[in-house]
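Enquirer: So the chains spell out like this:
Number of protein chains: 2
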Amino acid sequence: MTYLSKLLIKNVEIISAPDNEKYFLGIDNDTISVISKEMPTGFENAEIINASDKIAVPGLVNTHTHAAMTLLRSYADDMVLMDWLQNKIWPAEAGLNDEDIYWGTMLSIAEMLKTGTTCFADMYFAMDKVAQAVNETGIRASLSRGLVGLTPDADEKLQDNEMLFKNWHGKADGRIRVMFGPHAPYTCPVSYLKKVVAKAGELNAEIHMHLCETAGEVSDCVKEHNMTPIKLMNSLDMFDCGTLAAHCVHVSEADLDIMADKKVRVAHNPQSNLKLASGIAPVPAMLKRGIIVGLGTDGTSSNNNLDLLEECRLAAMLHKGISGDPLLIPAQEALKLATKQGASALGFTDVGEIEVGQKADIVLYDMQKPYWYPRHDRVSLLVYAASATDADTVIVNGKVLMKNGELLEMDVEKIYAEANMRGHRLTR
Amino acid sequence: MTYLSKLLIKNVEIISAPDNEKYFLGIDNDTISVISKEMPTGFENAEIINASDKIAVPGLVNTHTHAAMTLLRSYADDMVLMDWLQNKIWPAEAGLNDEDIYWGTMLSIAEMLKTGTTCFADMYFAMDKVAQAVNETGIRASLSRGLVGLTPDADEKLQDNEMLFKNWHGKADGRIRVMFGPHAPYTCPVSYLKKVVAKAGELNAEIHMHLCETAGEVSDCVKEHNMTPIKLMNSLDMFDCGTLAAHCVHVSEADLDIMADKKVRVAHNPQSNLKLASGIAPVPAMLKRGIIVGLGTDGTSSNNNLDLLEECRLAAMLHKGISGDPLLIPAQEALKLATKQGASALGFTDVGEIEVGQKADIVLYDMQKPYWYPRHDRVSLLVYAASATDADTVIVNGKVLMKNGELLEMDVEKIYAEANMRGHRLTR
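As they're listed, the protein sequences go chains A and B. Each step along the first sequence adds one to the number in the numbering used here, with nothing skipped, and position 214 is 214. Each step along the second sequence adds one to the number in the numbering used here, with nothing skipped, and position 169 is 169.
Here chain A stands alone, though its shape is the one from the complex:
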């Protein structure tokens, strides 16, 4: 990808700055280099974006999804989990080819950029195709090959993940990171998990895994291993690799203590957990222990969109409602989960804030909408009132990927047509 060396956003409000103040926000290559009230020097020949009545917010981070499953969006809803998986999702997925995964991922990336998400964690297969889509489109991502250990090709999958790591980790101007993706306790025998942990340890790679999503998963694991999934993974030294654990709905106090001690990061997927009737993760207890929690949508078969602002709002609302404590997860904290904490959960250390020295992953939201009035408090307006579709301009790693709501380098009409055609072929 080519970069304009200098980009200057002017007249911009910044979500973390005092309300009503306007700034110049200067970007040098991929990094925010200046934030000032006066026109900074050195930007005389920069590309200029006039952000009048727009507010700059760190790009949202989706810490857990299966992007290509977008092809199955709206195909099967309102079903019991196992009926849904066995009779709908798995048979349809069996027909997925590499090109399907590419186009499904392209549709997801178009949706994420259009709704203000600049970084995502993906776990699926044919991940080379996903990496290709990420590389081409300019978005940022943490990729892991979903590893199911029960099938004859389990070792091949592990090799896939190793190749993915070697080919893509740190690549695309640093926009891609790679993790290992053991799917779940119920799809990975201990012997296989040991291999995964050994390989990740050897490469100094981190791990992304579904953990404690349903009560059934936890009770089955306890029955088989006499340990909760968290205890079991800890006993395998998985967490020493650095682990992103998706869901963590059903975790005990003892599990939470282990997670805090071992710095396990959590991908909280409130809407997917509600829709699949899995339950509600004890996020306030996690935050109290200092556990890093990011937000995720999960795949669009169980959400059914990739609107991370919706997850941010739901996280802020839901934990108040079920606890009876209206002070839990205030707007400011919810936004932090959706941005800085999400980036940290994925291992991106210089992403998630609008500060000098951070990577320039920035969304400009158009505030000329009724629900952005009156302007008493911008953070509250964003988290509790705005629409993700207010994202007007999206910058990732210093590059403008969307302007005035139009994706600059993606042929959305072709993407829509390909996704629609492939989605229908898979579900015939």
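I should point out that these hints are in silico values taken from the structure, not numbers from a laboratory. Careful: at least some of the hints might be erroneous.
Since copy identity is lost for identical chains, a pair holds within one copy or between any two.
Heads up, simulated DSSO-like pairs for lysine-lysine below, C-alpha to C-alpha not over 30 angstroms straight-line [claimed, not checked]: (1) Lys22 / Lys88; (2) Lys231 / Lys263; (3) Lys414 / Lys403; (4) Lys22 / Lys414; (5) Lys88 / Lys288; (6) Lys231 / Lys194; (7) Lys10 / Lys414; (8) Lys231 / Lys414.
Quantities reported herein were computed from a predicted structural model and do not represent experimental measurements.
Position chain B against the provided structure of chain A, taking the given hints into account.
Expert: The following block gives chain B in isolation, referenced to the frame of chain A:
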């Protein structure tokens, strides 16, 4: 208001029709007069809307809000209820004048139309100004004067409500209905409630009341009257008037039986109930009993927007998640709550479906968005994936109020400026 006598929407998909089929939808004055696959006769000189790649959905119905409170949106969030009311909301509301209420309501109506809501139930004060805004803008509404019986002017308020009924019930081409609005059990003594019920009975008017919103309200009522709020209101024969009960979060089995028997209709406000940490209403139990349930946003101080599609999605998700039953409130049913059941809850008998003979309250959603692909199931896409901002064209009572996302008869820039200025004056 003037009406075009004939309006024809062509090439349109209809949410209740089979996927992929295109229709002609003919409107005669305020009523849907024809739905057909062929060009209908009699529409040769009609105004034409070409709805290519758009889908017609009944306008959403917001069954409970306080529209002018929009002026306080984002002023005070993440607080405990009584601290919030006593130290923020009530002092600010004390400064509200009639013009504030007009402009706050205009901002709300702009937001509702832009997010696909064509009908709302409002309870506030200076309701003449609200009726004026409804009359001018062309939206449909059920209006009630909020009646607090503890203040010296309680009887005047009741007279206000009576005048509102006499001046506006059935007016504005039938778009306005008026109810009586006793605020809540804790703000209305029994002696006052008796007067309200008597007056409503005399005029054959219905009642809109906050009931069983918090556990504290219910326990206080039981302590004082040895009856739950539902039992108390039933003992006063309130339900014989026809009652729209907002919230009903804390209702017993016995309460639910009374509600079913007396045909009490419920305004379910899932997001407000979560944000204020009130809890979650037992909607599946209500639906099982055949109780009519509509959806509401409540005021934007406790929501913080008027996006009814968001409430529809949340209602569909939330009850699955907390019950463990993923089959509860499927997409089709959630949409019905947001449309037909909502209209019924407000007493509009010929509103809420796209059928010949129904009033023409129709929203055309633009499906050229990534989250509307692939098109496996339109209802699922709308309820679980779409954005309320996809509303492209809005028709109320046969009149086109919004086209291509632009409100045709509202000066939104003036509304934004007035609302912002007034909101800041109130909270100085």
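Enquirer: Does each hint fit the structure? Answer for all of them.
Expert: Against the structure, the hints come out as follows:
1. Taking CA atoms no more than 30 angstroms apart as the test, lysine 22 paired with lysine 88 passes between copies only; the shortest distance there is 28 angstroms, against 51 angstroms inside one copy.
2. Proximity of lysine 231 and lysine 263 under a CA criterion of 30 angstroms is satisfied intra-copy only: 14 angstroms inside one chain copy versus 52 angstroms between copies.
3. Taking the shortest alpha-carbon separations for lysine 414 and lysine 403, both the intra-copy value of 19 angstroms and the inter-copy value of 26 angstroms come in at or below 30 angstroms.
4. Only between protomers do lysine 22 and lysine 414 lie at most 30 angstroms apart by alpha-carbon distance; the minimum there is 23 angstroms, versus 38 angstroms within a single protomer.
5. For a Cα distance limit of 30 angstroms, the shortest separation of lysine 88 from lysine 288 across copies, 28 angstroms, qualifies, whereas the shortest one inside one copy, 39 angstroms, does not.
6. Taking the shortest alpha-carbon separations for lysine 231 and lysine 194, only the intra-copy value of 14 angstroms comes in at or below 30 angstroms, while the best inter-copy value is 62 angstroms.
7. Taking the shortest alpha-carbon separations for lysine 10 and lysine 414, only the inter-copy value of 25 angstroms comes in at or below 30 angstroms, while the best intra-copy value is 34 angstroms.
8. Proximity of lysine 231 and lysine 414 under a CA criterion of 30 angstroms is satisfied in neither setting, with 47 angstroms inside one chain copy and 60 angstroms between copies.
Hint 8 from the earlier list is the only one contradicted by this structure; the remaining hints agree with it.
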